[in-house]
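Work the whole structure out from these sequences, hints included.
First to last, the protein sequences are chains A and B.
So the first sequence is numbered by our numbering: it starts at 2 and just counts up by one.
So the second sequence is numbered by our numbering: it starts at 1108 and just counts up by one.
Because the hints were derived from the structure by calculation, they are not lab data.
The beta carbon of each residue, even a glycine, is placed where N, CA and C say it ideally should be.
There may be inaccurate statements among the hints.
[Said to hold, decoys possible] Simulated DEER-style distance windows between Cβ atoms:
| # | chain 1 | residue 1 | chain 2 | residue 2 | range |
| --- | --- | --- | --- | --- | --- |
| 1 | B | Val-1165 | A | Ala-8 | 42 to 48 Å |
| 2 | A | Ile-6 | B | Ile-1187 | 47 to 53 Å |
| 3 | B | Met-1174 | A | Glu-31 | 42 to 48 Å |
| 4 | B | Asp-1249 | A | Thr-32 | 33 to 39 Å |
| 5 | B | Met-1195 | A | Asp-13 | 21 to 27 Å |
| 6 | B | Asp-1249 | A | Gly-69 | 47 to 53 Å |
[Stated by the list, open to error] Short, incomplete list of chain A residues facing chain B, as computed with Cβ under 8 Å:
| # | residue |
| --- | --- |
| 7 | Leu-12 |
| 8 | Gly-16 |
| 9 | Asn-18 |
| 10 | Ile-23 |
| 11 | Lys-35 |
| 12 | Arg-58 |
| 13 | Thr-59 |
| 14 | Gly-60 |
[To be verified] Only some residues are given here: those of chain A computed to face chain B with a beta carbon under 7 Å:
| # | residue |
| --- | --- |
| 15 | Val-11 |
| 16 | Pro-20 |
| 17 | Leu-21 |
| 18 | Leu-24 |
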Amino acid sequence: MSADIKADQVLDAKGMNCPLPILKTKKAVETLTKGQVLKVETTDPGSKNDMNSWAKRTGNEILSVEEGSGTFTFYIKKTA
Amino acid sequence: MEQKKMAIIASKGSLDMAYPPLILATTAAAMDMDVTIFFTFYGLEIVKKGQADNLQVVPLGNSSMPMPNIVGALPGMTAIATKMMKSMFKKHGVATIGQLLELAKESGVKLIACQMTMDVLGIKQSDIIDGVEFGGAATFMDIAADSQISLFV
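As structure tokens, this is what we get:
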């Protein structure tokens, strides 16, 4: 679970709609070094599938996804 | 993984139809694709200086609008529909056309304006925003021939 995942950076994308959560995630991941972890919070229900597709296509790894009260929390490890 | 390419034609200049090419282009760029948008006919409105955030949605002749056509034909209805759509986008956290255009440029999306339709519509190169190249059908086809994804909007 995410309790033991340490985020190197946090991105608040709550309230943003497609495609902004993905565009902001891409920008944030670019500022990390390989192996670092980005925590992203979203409220866009489409972001769950979008984030998976984005990670698959860019070769980054989603370590964990949490859902709770309309918010999605992703932990993404920069592996590309 | 070999870099994928996408080539899009943007041929419409209404507020609603300016979104699909820009959403797909910015997203594809964020997914490490090499993206080109070719602006032709009314799509040129999107890259005209000062126009990106002044595009309008036209209710007349649009059967999906929640109003009868005769109402959509009344003076001022285009402005009202545009205002309503913009406020809906804002409420739902959707970027504006101007923001998406900036994000597209920032992420390296190549923008090409169709020189022939510019000539026909009386649009000068100086009327077009910076960072846009000019070309014709052959320019687009050369890029499209190497693209895995090619869309006409």
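Restraint outcome when A/Gly-60 is required to lie within 8 Å of chain B by C-beta distance: holds (7 Å)
Interface hint for A/Ile-23, Cβ within 8 Å of any Cβ on chain B: Holds: closest Cβ of chain B sits about 5 Å from A/Ile-23, inside 8 Å.
Restraint satisfaction for A/Pro-20 [CB to CB of chain B, less than 7 Å]: Where the cut-off is 7 Å and the nearest Cβ of chain B is about 4 Å from A/Pro-20, the hint holds.
Per-residue hint verdict: A/Leu-21, partner chain B, C-beta under 7 Å: holds (6 Å)
So, A/Asn-18 near chain B? Judge it on the closest CB pair being under 8 Å. holds (4 Å)
Tell me if the interface restraint on A/Thr-59 is satisfied: Cβ within less than 8 Å of some Cβ in chain B. With a minimum Cβ separation of about 5 Å from chain B (threshold 8 Å), the hint on A/Thr-59 holds.
Against chain B, run the beta carbon of A/Leu-24 and see if the smallest gap drops under 7 Å. Since chain B brings a Cβ to about 5 Å from A/Leu-24, closer than 7 Å, the hint holds.
How does the Cβ-Cβ distance of B/Met-1174 and A/Glu-31 compare with 42 to 48 Å: does it lie in that range? With a Cβ separation near 45 Å, B/Met-1174 and A/Glu-31 satisfy 42 to 48 Å, so the hint holds.
Range hint 21 to 27 Å (beta carbons of B/Met-1195 and A/Asp-13) holds or violated: holds (23 Å)
Taking the CB of B/Asp-1249 and the CB of A/Thr-32, does the distance hold inside 33 to 39 Å? Since the Cβ atoms of B/Asp-1249 and A/Thr-32 sit about 34 Å apart, the hinted range of 33 to 39 Å holds.
For B/Asp-1249 and A/Gly-69, compare the CB-CB distance with the range 47 to 53 Å and indicate the outcome. holds (49 Å)
Hint check: is the beta carbon of A/Gly-16 less than 8 Å from a beta carbon of chain B? holds (5 Å)
Violation of the numbered hints given earlier is confined to hints 7, 11, 15; the remaining hints are satisfied by the structure.
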